[in-house]
Amino acid sequence: MIAPKHQDKDVVIRIRNLRNQFGSHIVHEDLDLDVYRGEVLGVVGGSGTGKSVLLRSICGLQTPKAGEIDVLGTNVLTASDDQRTALERRWGVMFQDGALFSSLNVRENIEVPMRHVEGLDPRLRAQMADLKVSLAGLPYLAGDKFPSELSGGMRKRAGLARALALDPEILFLDEPTAGLDPIGASAFDILIRQLSKSMGLTVFLVTHDLDTLHATCDRVAVLAERKVLVSGTMQELLDVDHPWVHEYFHGPRARAAMDAIAAMKGE
Amino acid sequence: MTISQIDIRQTDGTTQVALQGSFSLATLTPLVRALAQATANGPVTVNLAAVTRLDTSAAWAIITAQTQTSASNLTIENPSEETKTILGAVSRAMPKPDTARPKPLTLKDRLDRIGRTMAASATFMIELLGYFGLFLDRIVRSIRHPSDFRFTALVHHCHEVGVKAVPIVALMSFLIGVVLAFQGSTQLRQFGAEVFVVDLIAVSILRELGILLTAIIVAGRTASAFTAAIGSMKMREEIDAMRTLGIDVAGALFVPRILALLLMLPILGLIANIAGLVGGGLMAWIDLGISPGMFQTRLIENTGIWHLLVGMIKAPFFALIIGIVGCHAGMQVGSNAESLGQKTSSSVVTAIFAVIVTDAIFSIFFAQVGV
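Chains L and R, in that order, are what the protein sequence lines are. Number 223 in this note's numbering belongs to position 223 of the first sequence; there are no gaps in the numbering. Number 227 in this note's numbering belongs to position 227 of the second sequence; there are no gaps in the numbering.
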């Protein structure tokens with residue numbers, strides 16, 4: 001385990017002794033994790049290690065069997081309904097395929113969370129939605145389109161725009177680059193990086209994509225053996241001895257990704 | 001939440017706008033209003049020294065105010081590093097509206113729209129006919145190659161369409177029989193012709209109501225089920241997968257469903273007839289004292305076999321209409337959940353409407369041929 005070096009930093013998500021269980025199948029046990037303000041944390045792990053379950057537990061979509069989850073100083077599991085609502089407006093979640101409401105166009109989708117803001121003029125709200133469309137790197141006219149008329153990459157961007165609707169402090173991304181072509185994926189990586197820096201976002205992203213880890217993440221947490229096995233910067237993880245971690249970060253794909261990043265930085 | 005405050009002060013020709021605290025969507029409307037007011041009278045400086053948090057919406061408001069007045073008229077003072085990055089990011093991402101305005105509707109557009117609607121309904125009829133042809137073709141093919149026929153699916157759908165519909169169909173028909181007997185007896189009693197209530201019940205149930213109401217209920221529960229099942233398969237690309245695997249969609253999905261309806265609807269109609277007669281007989285017994293034995297004798301003596309046949313002949317036609325409309329609507333479902341719901345409800349409406357129209361046509365036909 002790498003010693004935490006971030007003690008002086010502000011912790012926005014604190015997970016202690018988390019236990020998730022489906023029937024007799026234990027997904028997480030004694031899982032601890034800290035996420036610091038302003039960082040981009042990538043969560044990796046093999047299939048079935050409960051990356052998405054972890055994300056869902058933090059967002060309150062899945063009630064864990066035991067443990068504590070604090071987000072922005074609020075205990076997610078014991079919070080009252082009002083506290084939860086207040087908290088939900090301070091985070092944004094982007095689901096794997098955008099999870100856009102199919103009966104609304106993109107602009108209306110982004111306006112959905114804004115409808116709760118009191119005293120916001122509908123005309124201004126539409127303009128704000130246009131701004132989010134543009135921030136997510138979509139063309140202006142995409143706002144009038146329905147989710148079914150968008151490509152996979154555009155749906156993800158629209159999902160991101162909706163997650164950003166209320167200018168959240170924390171952004172949760174579930175497999176942001178899955179199913180995108182390499183060009184679209186790396187553009188998305190850059191977008192996430194830019195947004196997190198310019199808007200001061202804390203990003204919690206679950207991914208399989210080694211390029212994303214290299215290009216966007218400040219820190220990476222590895223889920224294995226039912227808990228966060230190690231966490232640290234990419235450099236630190238490259239030196240970890242655990243067989244799975246070593247295989248993951250030194251496999252042929254990992255080397256290719258690393259070479260690509262090195263080549264990019266060398267230019 | 002920190003409180004936000006906007007101070008507007010006039011000093012030698014320029015308007016000083018000092019922002020203080022945290023600015024987000026919730027404070028956007030007053031901020032936009034204040035900036036609009038300030039920029040209306042001459043040059044403005046916006047002082048951001050006391051801002052704790054500025055989100056993209058507030059940045060948008062400031063930049064919009066800046067672009068709307070000429071650039072030199074609005075200066076931003078003392079932004080913190082964070083604020084500067086946000087302002088930078090937002091000004092790079094300012095939406096550029098495309099000024100393609102919708103044109104007003106002309107007479108030509110309206111005519112065009114009417115024409116398209118007419119053409120679409122003609123196409124719809126042709127497509128339904130096409131599905132009927134497809135069904136017949138696959139039936140013939142199954143007779144030639146009986147091994148291709150999906151017998152298990154047929155049995156499954158017979159269970160879904162037929163057996164599971166028995167309680168609701170029987171109950172409904174029973175109640176209709178009760179109502180008919182009750183209403184008929186109050187009217188007929190005035191002429192002392194109570195005993196004709198048996199003929200009334202028998203003729204109306206056997207000729208019309210039994211099969212028509214069964215068809216309407218089946219249209220409601222089965223056409224929608226067909227559309228929803230096939231539609232969701234279409235939505236999740238299962239239909240495309242079947243095609244690429246060389247599975248005949250019509251043979252696998254349409255034939256068992258439509259054939260099940262074709263087999264089950266006459267049986268359901270017969271059950272409805274019996275339940276209707278039982279209901280009517282029971283009410284006649286209670287209300288008019290016509291004993292079951294007397295009811296039976298009168299029923300057999302006065303009701304010709306054609307009354308029953310007229311009803312039952314219609315059953316297969318109704319079954320075909322319901323099945324084809326349901327399957328066709330399922331295949332029209334697009335890739336979103338919205339269209340699934342829309343097609344499901346439109347398939348029910350179309351099926352019921354078509355059943356009633358067909359029934360009317362049959363009434364005229366049977367009146368002409370005199371049965």
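Hints are computed from structural coordinates only; laboratory data are not their basis. Take these hints with a grain of salt, some might be off.
Only part of the chain R face toward chain L is listed, based on derived beta-carbon distances under 10 Å [as the list claims (entries may be wrong)]:
#1 Ile86
#2 Ala89
#3 Gly341
If you only want the chain R side, here are some residues facing chain L, beta carbon under 8 Å, derived [said to hold, decoys possible]:
#4 Ala49
#5 Ser91
#6 Ala120
#7 Ala241
Don't be surprised by glycine CBs; every beta carbon is placed ideally from N, CA and C.
* When the hints from earlier in the document are held up against this structure, which numbers fail? -> 4, 5, 6 and 7
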